[in-house]
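*Asks:* Sequences and hints are given; from them, build the entire structure.
Line by line, the protein sequences give chains D and P. For the first sequence, this note's numbering assigns the number 1 to the initial residue and increments by one for each residue that follows. For the second sequence, this note's numbering assigns the number 1 to the initial residue and increments by one for each residue that follows.
In short, the hints are calculated from the structure, not lab data. There's no promise every hint is true.
As the list claims (entries may be wrong) - Result set (DMTMM-like, lysine to aspartate or glutamate): computed pairs, CA atoms no more than 25 Å apart in a straight line:
#	chain 1	residue 1	chain 2	residue 2
1	P	K224	D	D121
2	P	K201	P	D176
3	D	K592	P	D39
4	D	K592	D	E230
5	D	K592	P	E175
6	P	K224	P	E145
Stated by the list, open to error - Just some of the chain P residues that point at chain D, by a computed CB distance under 7 Å:
#	residue
7	I101
8	E145
9	Q217
As the list claims (entries may be wrong) - Stretches of chain P that chain D covers, calculated by requiring three or more beta carbons in the stretch to come under 8 Å of a beta carbon on chain D:
#	stretch
10	44 to 50
11	54 to 67
12	127 to 135
13	174 to 183
14	218 to 226
C-beta: ideal position from N, C-alpha, C; glycine also.
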Amino acid sequence: MAPARPPTGPAPTPSGIAVLPAGAPPVLAVLLLSSAAMGYEVLLTRLFSIILWHNFAYMMISVALLGYGAAGTFVAVAQRALLRHFDVAFATGAALFGVTSVAGFALAQRVAFNPLEILWDPGQPLRLLVVYALLFVPFFCAATSICLTFTRFTGEPHRIYSFDIFGAGAGSLGILVALFLLTPTDALKLLGSLGFAAAAIALFRGSVRRRLPAALLVAAVVTPLLLPAEWVRLRLSDYKELSQTLNIAGTRIVAEHSSPLGVVTVVESAQVPFRHAPGLSLNATMEPPPQLAVFTDGDGMSPLTRYDGRREPLAYLDLVTSALPFHLLREPRVLVLGAGAGADVLQALYHGARAIEAVELNPQVVDLVQRRFSGFSGAPYSAPGVRVRIGEARGFVAAHGDRYDLIQVALLDAFGASSAGLYALSESYLYTVEALQEYLAHLEPGGMLAITRWVNLPPRDILKLFGTAAAALERNGAAPAQQLALIRGWKTATLLVKNGAFTPADIAALREFCRARSFDVAYFPGIDAAETNRYNVLDQPDFHEGALALLGNTRDTFVERYKFDIAPATDDRPYFFHFFKWRTLPELLALKDRGGLPLLEWGYPVLIATLVQAVAVSVVLILLPLKFIVRRTEDPTTPAGLAPCVAAYFLAIGFAFMFVEIAFIQKFLLLLSHPLYAVAVVLCSFLLFAGLGSRYSGRLHTENAKLSRRPVTAAVAAIGACGLVYLVVLPGLFRLLMPLPDPFKVALSIALIAPLAFAMGMPFPLGLARTAARAPALVPWAWGVNGCASVVAAILATLLAIHFGFAVVVVLAVLLYVLAAAVFPR
Amino acid sequence: MTEQFLGFGRILALLLLALAGPPGHAQYDFDAQRREMVDDINALARETAAETGRPSLDPRVIAVLGKVQRHRFVPEDQLSAAYRNRPLPIGYGQTISQPYIVALMTDLMNVRPGHAVLEIGTGSGYQAAILGELAQTVCTIEIVEPLARQAEERLRVLGYARVRTRIGDGYYGWEDCGPFDSIIVTAAASHVPPPLIRQLKPGGRMVIPIGAPFLAQHLMVVEKNPDGTIVTRQVLPVRFVPLTGKH
Numbered sequence: 001m002a003p004a005r006p007p008t009g010p011a012p013t014p015s016g017i018a019v020l021p022a023g024a025p026p027v028l029a030v031l032l033l034s035s036a037a038m039g040y041e042v043l044l045t046r047l048f049s050i051i052l053w054h055n056f057a058y059m060m061i062s063v064a065l066l067g068y069g070a071a072g073t074f075v076a077v078a079q080r081a082l083l084r085h086f087d088v089a090f091a092t093g094a095a096l097f098g099v100t101s102v103a104g105f106a107l108a109q110r111v112a113f114n115p116l117e118i119l120w121d122p123g124q125p126l127r128l129l130v131v132y133a134l135l136f137v138p139f140f141c142a143a144t145s146i147c148l149t150f151t152r153f154t155g156e157p158h159r160i161y162s163f164d165i166f167g168a169g170a171g172s173l174g175i176l177v178a179l180f181l182l183t184p185t186d187a188l189k190l191l192g193s194l195g196f197a198a199a200a201i202a203l204f205r206g207s208v209r210r211r212l213p214a215a216l217l218v219a220a221v222v223t224p225l226l227l228p229a230e231w232v233r234l235r236l237s238d239y240k241e242l243s244q245t246l247n248i249a250g251t252r253i254v255a256e257h258s259s260p261l262g263v264v265t266v267v268e269s270a271q272v273p274f275r276h277a278p279g280l281s282l283n284a285t286m287e288p289p290p291q292l293a294v295f296t297d298g299d300g301m302s303p304l305t306r307y308d309g310r311r312e313p314l315a316y317l318d319l320v321t322s323a324l325p326f327h328l329l330r331e332p333r334v335l336v337l338g339a340g341a342g343a344d345v346l347q348a349l350y351h352g353a354r355a356i357e358a359v360e361l362n363p364q365v366v367d368l369v370q371r372r373f374s375g376f377s378g379a380p381y382s383a384p385g386v387r388v389r390i391g392e393a394r395g396f397v398a399a400h401g402d403r404y405d406l407i408q409v410a411l412l413d414a415f416g417a418s419s420a421g422l423y424a425l426s427e428s429y430l431y432t433v434e435a436l437q438e439y440l441a442h443l444e445p446g447g448m449l450a451i452t453r454w455v456n457l458p459p460r461d462i463l464k465l466f467g468t469a470a471a472a473l474e475r476n477g478a479a480p481a482q483q484l485a486l487i488r489g490w491k492t493a494t495l496l497v498k499n500g501a502f503t504p505a506d507i508a509a510l511r512e513f514c515r516a517r518s519f520d521v522a523y524f525p526g527i528d529a530a531e532t533n534r535y536n537v538l539d540q541p542d543f544h545e546g547a548l549a550l551l552g553n554t555r556d557t558f559v560e561r562y563k564f565d566i567a568p569a570t571d572d573r574p575y576f577f578h579f580f581k582w583r584t585l586p587e588l589l590a591l592k593d594r595g596g597l598p599l600l601e602w603g604y605p606v607l608i609a610t611l612v613q614a615v616a617v618s619v620v621l622i623l624l625p626l627k628f629i630v631r632r633t634e635d636p637t638t639p640a641g642l643a644p645c646v647a648a649y650f651l652a653i654g655f656a657f658m659f660v661e662i663a664f665i666q667k668f669l670l671l672l673s674h675p676l677y678a679v680a681v682v683l684c685s686f687l688l689f690a691g692l693g694s695r696y697s698g699r700l701h702t703e704n705a706k707l708s709r710r711p712v713t714a715a716v717a718a719i720g721a722c723g724l725v726y727l728v729v730l731p732g733l734f735r736l737l738m739p740l741p742d743p744f745k746v747a748l749s750i751a752l753i754a755p756l757a758f759a760m761g762m763p764f765p766l767g768l769a770r771t772a773a774r775a776p777a778l779v780p781w782a783w784g785v786n787g788c789a790s791v792v793a794a795i796l797a798t799l800l801a802i803h804f805g806f807a808v809v810v811v812l813a814v815l816l817y818v819l820a821a822a823v824f825p826r
Numbered sequence: 001m002t003e004q005f006l007g008f009g010r011i012l013a014l015l016l017l018a019l020a021g022p023p024g025h026a027q028y029d030f031d032a033q034r035r036e037m038v039d040d041i042n043a044l045a046r047e048t049a050a051e052t053g054r055p056s057l058d059p060r061v062i063a064v065l066g067k068v069q070r071h072r073f074v075p076e077d078q079l080s081a082a083y084r085n086r087p088l089p090i091g092y093g094q095t096i097s098q099p100y101i102v103a104l105m106t107d108l109m110n111v112r113p114g115h116a117v118l119e120i121g122t123g124s125g126y127q128a129a130i131l132g133e134l135a136q137t138v139c140t141i142e143i144v145e146p147l148a149r150q151a152e153e154r155l156r157v158l159g160y161a162r163v164r165t166r167i168g169d170g171y172y173g174w175e176d177c178g179p180f181d182s183i184i185v186t187a188a189a190s191h192v193p194p195p196l197i198r199q200l201k202p203g204g205r206m207v208i209p210i211g212a213p214f215l216a217q218h219l220m221v222v223e224k225n226p227d228g229t230i231v232t233r234q235v236l237p238v239r240f241v242p243l244t245g246k247h
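*Replies:* What follows is the structure, encoded as structure tokens:
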């Protein structure tokens, strides 16, 4: 996830516009509006994660950038009219933002876009387009006002710009803070109010006659806060687990808490018990005890099981695949990653673990288990021998040196979403080769890492995980064939990675465990093919054969030919959930009528579709209108050959800026681990220091009367050096810094980002100033090209990272900056 | 400038109209559409048979699909798509499966006249109607009350009086309707309910579609051996092998 925006910079000013006498620019209003717009962008990603699924959230970034770009074009085209009534125009833009930010989202919900139906219903892409249109408007309005300010007060671009960029940084940080205190819908209303506030402040600057409308606007500030809840109530998709659960008679929500980490909802079912026991053995005769359902963002149900200290009702936890390691270990010291509402901890308690450390990312979930529902849950996190820690799984492991007998990672994503490929674009540092190496380094000799995942057919993530584990073991210098074991039920599969070779006793225990529960063995050292594929029969023993292929010397051919992408994820390409291969698409399209298409992973095609849409729409909304301006105001003094240079320059820096920003946001996600800190810290730092860099570049420009290209070359050299050095140095540096406490990591991240972002803030204003000096008619063109590039680059960066990794993205960005320096308009 | 805005407004209005859907349904010839659907399914069945070398779908099942009026089971606004080979939303987060998959599931159930079958998850009632044409006794349970009532009404009106419906939790099956020769479980569950396994006759089959709504990935067939032990088979609707592509 990477909300971002290009530096807006001074706006296009075709020659010949009379500059009106200016008062002071409404910088405070610009600050408010800019922070509201950026806050809205971040908030939309949260809102859409709640009502739909995670990966549609990133589409909001391109919508926001589209609004900025199109606003620039609009201002360029309609300047004369707007400038004549600047105050009113500014206030109208801000007020419209206030209205459309809330109304746009409320209406967008009612469009009933259903991503699951996109394969079948040709109307769905149209609905998506309508959603875009609705969300585009608020960004367009806010950006128009800000852009207009630059155009009106041409003497003070750097001052306005610093307020603008400071507002953006404050907005992204502010919305995260707000989400701790307010529900998402209240935060939405707050942003609407901010729009009105900005409008009011702008009007107050004017003459006495304006006091009345301004006062009215102040009153309007209060209105969003009084909006009936029904109008902006979050309408979750009917197909989310929470929605479907609430259709059952006798269910009701008994608790709901919201934080930037997600909306946690607890549901009680009075008539029909949940009986949540994923992958329970076919031979089981008992059902789970009473449970409450804990949903995060309406999905990913984690059961809160009733526990009164007695072991017997928990016996069902021995009849799932994740119980395997407990039959190979005696009284282990256990680390549970992603503990959720405590089911894995209960399983460990049932099996007599002597010490349990549970790591959970969301403190609200732990609070619900331990305090709010402690009577029901039996407070398992405070049972003897149990310790709970709040934090992100990989970050926790890296920061602590303890060793364990068992590291349990079980079912960390929702089944429906996982099988529909809706996580395909999420980066995950949990399942990379380096991550598994890290976990293995925290195992006692003879200890085990147990990872349980859903079984998706045809096999892909289980095999990918197996290959990743094999790669991790090899990098550690061990022999994978002796240290891996894979079993499966019909719904879940568990992979064991041992720190040491599996003993005959281990194998015997494993065989007996599986036989008694009708689980199939897919691999263990010394396995015989006749033992496989017996209870949960596949046409071919794909898991077994796949495992063997991944351990053999035909591994590379196997992975290359496999119809899904099962090459191990690495920290440089942490897209574990990406399985799409282009060459599989024609085959499955041909099998559409027979149910072939659901076998694809759909997140990736959605990404491609978004990219195509972004290119098309940004060309139409940003570039085409500007062609008319450039033609209309053709300046005979413009030297030939300058236009392509300008276009190339701004295109290059537009792409390069976003590439670096997105790549580094993802990279620092690894260090800061906590997803919120990562986005807040990195985004704000980038914006802040890029803004400072832009301001500094203004001084460079005025000092350097000869307008040489030295500043740009210097900036590009700095970016190149920084970028490439970081590429080499950061992975190792992060490993060193991981154990540090959070505040240090945050400070160090800011320090690392500062020089790079500072340098990156310079090329745009420098280029724009040069273009304004040499060929003012091309300034709107430059602005538009940059806007276009940013929109497309936001999506393209993710695409390139999926295929080639972050290193390549950063290298490409540096090359683009070098190209830009070379074509810098002379 | 204003012309451009008006033009955009016109386009938006057309877009919204397109989303609203076609008005009325009197002009659809449902019988013809149903015959076309059956022809399509037959063609697909032949394709699969050619690939696997085994006959793929029981002709009786396909004949029943030609008989049951699917359009009576879909919501009003979906009528135009009733006989297309795609799943449709029926409300409350539920769907009616794509006809080819319905045929496949029914075929896997191996229903013979004189059989007793159980359905967990009535939904629209379409599957129950199909089973009603094939089996002696059909009992179906739906947990979402409004859906259950709608389905019950439909089945009654269409003359499937033999199909017994019930509102409730299907976990414990339907004791006095069983034991069953086959069971179909379209309601999502985290595991196979032991009571359902108990109510399955030895030699009987349980069919469970697996996957997200609209994106059913494969079918699981639970088979109860004569000695009471359980085996499952994972059936992909398409023959997607070899997984490693052509050499």
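*Asks:* In ascending order, which of the hints set out earlier in this document are inconsistent with the structure?
*Replies:* Violated hints: 1, 4, 5, 6, 11, 12 and 13; rest satisfied.
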